[in-house]
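Trainee: Sequence:
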Amino acid sequence: MFEERGPAQRRNDRSGALQRTEVRRVWVDLAVAYPRPAGRPPRAVPDGVDLQSRVPGELLGWRRTTTGEWVGWVCVPISQGEEIRYVYQYVAAAALSPRDDVPDRR
1 MFEERGPAQR RNDRSGALQR TEVRRVWVDL AVAYPRPAGR PPRAVPDGVD LQSRVPGELL
61 GWRRTTTGEW VGWVCVPISQ GEEIRYVYQY VAAAALSPRD DVPDRR
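Quick note: the sequence shown uses this note's numbering, first residue 1, plus one each step.
Since the hints were made in silico from the structure, they are not lab data. Even for Gly, the Cβ is constructed at its ideal location relative to N, Cα and C. Worth double-checking, as some hints may not be accurate.
[To be verified] Simulated restraints on C-beta separations:
#, residue 1, residue 2, range
1, Glu-22, Asp-47, 32 to 38 Å
2, Thr-67, Ala-44, 31 to 37 Å
3, Thr-66, Pro-46, 34 to 40 Å
4, Glu-83, Arg-25, 30 to 36 Å
5, Pro-42, Arg-64, 29 to 35 Å
6, Asp-100, Tyr-34, 31 to 37 Å
Generate the whole structure from the sequences, applying the supplied hints.
Mentor: Okay, structure coming up:
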C-alpha cells in the first residue's frame, strides 16, 4: 500500500476496519474497481452512472479480505449526468493511488 499501517490507525467499532486517524486523499480509478466485461463493446448512455473515470476520494481505512487482499474504505463521488452522490465503499488497493494535489486532513 502507500506506507505502513501502524499506530496512526484504530479499529472502527462498527465495521471492524482499520481506520486512519487522518484522512488520506487518494485517486480512485473506477475502471479498475469496476472493470468492463471483456468482449462487450461500449455503448454510450448519457444519463448512466460513470464508473470508468478516475475520481478524487478520501481513504478512511484498510481491511483484509477473506482471500488476503487489501481493500480501502473510501468516500468517493459517483456522477450520474449532472448529479453527484458521495458513496462509502470498499475498493481494491489496485484502484487506489496517493493524491498530492491537496494536503491530507485530520
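Trainee: So, for every hint listed, does it hold in this structure?
Mentor: Checked hints:
no.	hint	result
1	Glu-22 x Asp-47: 32 to 38 Å	holds (37 Å)
2	Thr-67 x Ala-44: 31 to 37 Å	holds (35 Å)
3	Thr-66 x Pro-46: 34 to 40 Å	holds (38 Å)
4	Glu-83 x Arg-25: 30 to 36 Å	violated (23 Å)
5	Pro-42 x Arg-64: 29 to 35 Å	holds (34 Å)
6	Asp-100 x Tyr-34: 31 to 37 Å	violated (25 Å)
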